[in-house]
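Peer 1: Spelled out from the first residue to the last, the chains are:
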Amino acid sequence: MSEIKSLRDLGIWIISKPGKAASGITGTWRTFRPVINRGKCNKCMVCWLYCPEGVISRDVNGYPRIDYEFCKGCGICAYECRVKAIDMVEEVR
Amino acid sequence: MDRFTYVGGFMPILGLPEEEYMLPGYGSCPGCGLFLTTRHVLKALGRRTLMVIPAGCISAAPGLFPKIGFGVPTLNIAFEATASAASGIAAALKVKGIKDITVLGVAGDGGTADIGIQALSAAAERNDNFIYVCIDNEAYMNTGIQRSGTTPFRARTTTTPVIGKLQHKKDMPLIMAAHEIPYVATACVSYPHDLHRKIRKALEIGFGTRYIHILSPCPPGWGFDAERTIEMGRLAVETGLFALFEIENFKLKFTGPSINLIDPSKRRDVKEYLRLQRRFAHLTDGDIEEIRKWINNKWRQYIKLSMD
Amino acid sequence: MLKMKGEVLLLTGNYSAAYAAKCSRVQVVAAYPITPQTPCVEKISEFVEKGELKAEFICVESEHSAMSACIGASTCGARTFTATSSQGLALMHEMLHWASGARLPIVLYLANRAFAPPWNIWCDHQDSISQRDTGWMQFYAEDNQELFDSIIMAYRIAEDREVMLPAMVCADGVTLSHTVMPVEIPDQKDIDDFLPPYDPPYKFYDVDNPIILSHLPMPNVPFSDWYTEFRYLMQEAMEKARGKIRSVCREFKERFGRFHGDLIEEYRCSDADVVVVSMGSIASQMKYVVDLMRDEGYNVGAVKLRVLRPFPLEEIRSLASRVKGIAVVDRDISFGYAGAVFTEIKAALYEQVRKPLIKGFIMGLGGRDVQISYQKEVVRNMYEILEKGLDKEYEWIGLRM
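Chains as they are written, first to last, in our numbering: chain L, 1 to 93; chain W, 1001 to 1308; chain U, 2001 to 2401.
Calculated lysine-lysine pairs in the BS3-like style (CA-CA distance at most 27 angstroms, straight line):
1. K1099(W) to K2203(U)
2. K1304(W) to K1251(W)
3. K1043(W) to K20(L)
4. K1096(W) to K2203(U)
5. K5(L) to K2240(U)
6. K1094(W) to K2054(U)
7. K2189(U) to K1096(W)
Worth flagging that the hints you see were computed from the coordinates, not collected in a lab.
Please work from the sequences and hints to get the whole structure.
Peer 2: Right, dumping it as structure tokens:
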């Protein structure tokens, strides 16, 4: 997406385009990160269902994959997981 | 285009469409019920959707000009004008002969039940062609948790900070049903399959004003930890505080877990819901009894509407 | 019903606006009735229901919703029209800002009416001058023919890619809106040649290339801080509009043989000592008064201010360099200061080397008849002060002391 450098780059209307990281790299907001334990995971995808950020996707093997660039660490996935396969681990920086 | 699609088609176990219309990295609070609701509403409606949003969390949080986390064409409009702008868009599409595009208005409880009710009532009376979704987080959350018409009894908000709201929750679904529009439904973000089914039904009906009122728990506004968002919605439904139903042709039909709750003994005690939220921490036993009575009366009203 | 074939119809101002909307092939009309504009809206709904105008008429429940619906429709690329008066215009004020900020070429027919309280359904200009800052272009018509022509020209000017600003075409409530005058309706084909269909700069309904409109820019955050620049572009568009108005009026004259002036119209000003500037129907009457006063020996001219926004800086400055005195008649007052048009004209001339004497006159508020004697008094007063010097900054004429 082209950057706006001067007012001549602005269109007639106030146009914004869809894009990731619209409010920044929201992964930096986390204090805890969800970690999926594949041994326990039954691939039900309830975590995907309830993720408010939409950062959980399915990998080629059918396991949920979390995009840590944008995961805010809210913990809903871990709380809702039926088989307790997700642990909230403290972020170390 | 920067869309976020998944590998493989449907997710068979869950049976919901995989394609996402929200792009991660938007600025909602962690655990936000409103953005999860929007994610599911857009997922259910699909690509051919034009969205109208008023002022509120839905317009303040998804990003900053010139990059936004929505993947469908969206028009920002003034706070009270969601329904009238949606009417205008629907009229323009009709006169230009553009078919098979759904006009979607997504507003909060303020923009629906308070400042936006005039425009919505008129659009419903005219039966203009759009789907209107009210995402009810039970206060004016974006401006800092002020009381709205749909704030429940005795909930503490910044404009009802000590005693809590003196009045009960405004029943928007019944108000909309009185307009005799083709479809009125309530849903909760904790029951996404029920929500998807209702949105798809509204889509299939295809004409007229279709109104869906979705309860959306708000961690900072209601006072609970972000991870319990889904649990809050579940408890609201299971205690009978929020009923899941749809109204078509003057007939009310309970859906999902609410079907079983016609029998009051099956409803969980509302105290289990209230004690988990800081906005209700100050409630006395008298207040809770009042709320129990209200639940019973509301259900009596709904049950009467559900009978032949 | 007479067929539209370049014929002369006897129409009230309201009906002229309705016919103009029909001839402009508007596609969406969202309007709320308000005296004295109601018959315009009724006529348009008649056109729509009879199938003579292929448009969607949205019977909205308030003027605020009327403008919001117009914004929604115009965003989707439909040519939109609405109509209102005083209280209604005030109610839609928030959305007037939205329409201009969103750069949507909506045209609004304003039947100028006084503000309440106390209730008043008759004419003055307080309603439109209260909206000068909204970013809408403002045209004032002196008679029904000009009203009809101005609406068609307004679409042409507003939809120009370099302008893309909404326009309100104002006509005096009751005086013009309810008075029957002959109006020549040109052949529809000629109008279609002059006014092509509206082609929006972006296709909002193109779901394969989604755009999000009017989203929040954050000040002081470099990649997002563009609010000021959007406002600058609006101002730039207004300034470009001056040239567009001139060229469109000229083209209209060539095609249809009628010219009402572009930003202003001068009547017998070439050798005048004193000119009287007015807007609306009293400008028409002023021309008649000029003829009468000329017979009495006064070298007076009349200026009809046709466009208030964008302000006709060049024309006013050129006029000022040629005359000795300017009387500005306001059918409004900006409380706490003076008549709105008067203060603007005065401010425009501050830097002039040769400054004429300028005085403001307030008359005709709330539909009080602007009598010929008032306008004659204005001219006589101007000649007096040219001799004796300015007595006061502005004066109320017709006040019942």
